[in-house]
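Guided by the hints, dock chain H onto chain A, whose structure is given.
For the protein sequence lines, the chains are A and H, in the order given.
Heads up: the first sequence begins at 2 in my numbering, then just goes up one per residue.
Heads up: the second sequence begins at 2 in my numbering, then just goes up one per residue.
Heads up, some of the hints might be wrong.
Because identical chains share one entry, a pair is satisfied inside a single copy or across any pair of copies.
To be verified - Derived BS3-like pairs: lysine-lysine, alpha-carbon spacing no greater than 30 Å straight-line:
id: 1; residue 1: 200; residue 2: 35
id: 2; residue 1: 35; residue 2: 199
id: 3; residue 1: 81; residue 2: 35
id: 4; residue 1: 180; residue 2: 79
id: 5; residue 1: 200; residue 2: 81
id: 6; residue 1: 199; residue 2: 81
id: 7; residue 1: 180; residue 2: 50
id: 8; residue 1: 35; residue 2: 46
id: 9; residue 1: 190; residue 2: 81
id: 10; residue 1: 131; residue 2: 46
Hints are computed from structural coordinates only; laboratory data are not their basis.
There are 2 protein chains.
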Amino acid sequence: MFKLYYAPGTCALASHVTLEEAGASYTTERLDFKSNQQSSPEYLKLNPKGRVPTLVTDHGILTETPAVLAFIAQSFPKAKLAPHEDAFAFAQVQAFNSYLCSTVHVALAHKGRGYRWAAEESSFADMKRKVPETMAACFALSERDMLNGPWVMGEQYTICDPYLFTVALWLEGDSVDLKTLPRVADHMKRMSERPAVKKVMGEQQAKAA
Amino acid sequence: MFKLYYAPGTCALASHVTLEEAGASYTTERLDFKSNQQSSPEYLKLNPKGRVPTLVTDHGILTETPAVLAFIAQSFPKAKLAPHEDAFAFAQVQAFNSYLCSTVHVALAHKGRGYRWAAEESSFADMKRKVPETMAACFALSERDMLNGPWVMGEQYTICDPYLFTVALWLEGDSVDLKTLPRVADHMKRMSERPAVKKVMGEQQAKAA
Chain A
2 MFKLYYAPGT
12 CALASHVTLE
22 EAGASYTTER
32 LDFKSNQQSS
42 PEYLKLNPKG
52 RVPTLVTDHG
62 ILTETPAVLA
72 FIAQSFPKAK
82 LAPHEDAFAF
92 AQVQAFNSYL
102 CSTVHVALAH
112 KGRGYRWAAE
122 ESSFADMKRK
132 VPETMAACFA
142 LSERDMLNGP
152 WVMGEQYTIC
162 DPYLFTVALW
172 LEGDSVDLKT
182 LPRVADHMKR
192 MSERPAVKKV
202 MGEQQAKAA
Chain H
2 MFKLYYAPGT
12 CALASHVTLE
22 EAGASYTTER
32 LDFKSNQQSS
42 PEYLKLNPKG
52 RVPTLVTDHG
62 ILTETPAVLA
72 FIAQSFPKAK
82 LAPHEDAFAF
92 AQVQAFNSYL
102 CSTVHVALAH
112 KGRGYRWAAE
122 ESSFADMKRK
132 VPETMAACFA
142 LSERDMLNGP
152 WVMGEQYTIC
162 DPYLFTVALW
172 LEGDSVDLKT
182 LPRVADHMKR
192 MSERPAVKKV
202 MGEQQAKAA
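Only chain A is shown next, with the shape it has when bound in the complex (with noise of 0.2 Å):
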């Protein structure tokens, strides 16, 4: 049994699309961001750095998404979610859900979280007119080198495509013009269609609402 805190609009969704295509039980724990609900002192015990995804486990908790998505696909080996067999294909997933986290998610922080970085307001509008350029340079990357198609790591589906779905989400309020991605926006045309996708969004959209 996992229990999944998350944010709508955040990261987090990669590991509840995960946890579902997985076909866990699972129960999950909404905080609102806005009211800052992830620094309270309750969160913190469970999550000292303040963030999302948190995932409970009768393990204990983890938390920092390429390792809970590693987590649940090795805890349900026969939803295949990735190559545990084979220790190279398995660093490449690796590999490339850690690009998405330490370069692409860090790239998009820089909109709206420039106060992570430095002091001075010039400083955020100045990070924050530079987001569709980065974001644009990290999505041509995946896009040339690093989707393989149909999914990322080619035909079987990975851990690697709702992180990728999840960050992708963001391109449009970054100004990327998905038109010029045609590869990313193909995936994410089969991701969305994918039924725990669609679960899972409706039912994020639904408790935010």
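Okay, now just chain H, sitting in the frame of chain A:
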């Protein structure tokens, strides 16, 4: 047989130490960041991201420190560098390394690589000023909540240790006083006494000279 592309003073040190700890057969290729060798057409063919580390393996090319470390550990199970037999413990290793790459390394990169996320000199200076604060916060969290001792995961040395050591080496340049971080300082001392670390650091410094 492996080939590791690295530059001195970068996060590639963690992968280099891990190849040594694993007892792997490997060669190294030093990149000169000052002459921007990481952006040469030859190197971009290997790693289109233009970063280090890049690990050339018999199966293909791997990038991203958390993935490279996990792959080396899985390729040399006798070295016991990761708890492969325990999915939750392995996920905790991945979560720690993911935190280092997506939060701690990123926080530090704002010291000298602000151009990745902004355009104005005033923003670069602002980012640089904040680095001691963000690095202190990251390491205070590691000291308090993550470093079990004597090694990151407890009694067993893992692939978390050379990565923490690598990032902690940057602390001095960031005006973070190691006296405020006794457990991190103890970990650094313990790491610097390991034969693999001595050998690799000696080699990187000799080649750099």
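Hint-by-hint comparison with the structure:
Only within a single protomer do residue 200 and residue 35 lie at most 30 Å apart by alpha-carbon distance; the minimum there is 24 Å, versus 50 Å between protomers. For the identical chains of this complex, residue 35 and residue 199 are intra-copy neighbours only, at 25 Å inside a copy versus 49 Å across copies, given an alpha-carbon limit of 30 Å. When the C-alpha separation of residue 81 and residue 35 is checked against a cutoff of 30 Å, the pair qualifies neither within a copy, at 36 Å, nor between copies, at 44 Å. In this assembly of identical chains, residue 180 and residue 79 lie within 30 Å of each other by CA distance neither inside one copy nor across copies; the values are 36 Å within and 49 Å between.
For a Cα distance limit of 30 Å, the shortest separation of residue 200 from residue 81 inside one copy, 20 Å, qualifies, whereas the shortest one across copies, 41 Å, does not. Within a single copy, residue 199 and residue 81 get their C-alpha atoms as close as 20 Å, which meets the 30 Å cut-off; across copies the closest is 41 Å, which misses it. When the C-alpha separation of residue 180 and residue 50 is checked against a cutoff of 30 Å, the pair qualifies only between copies, where the shortest distance is 23 Å, while the shortest distance within a copy is 37 Å. Only within a single protomer do residue 35 and residue 46 lie at most 30 Å apart by alpha-carbon distance; the minimum there is 20 Å, versus 44 Å between protomers.
Proximity of residue 190 and residue 81 under a CA criterion of 30 Å is satisfied intra-copy only: 21 Å inside one chain copy versus 42 Å between copies. In this assembly of identical chains, residue 131 and residue 46 lie within 30 Å of each other by CA distance solely across copies; the values are 26 Å between and 35 Å within a copy.
Hints 3, 4, counting from the list given before, are not met by this structure.
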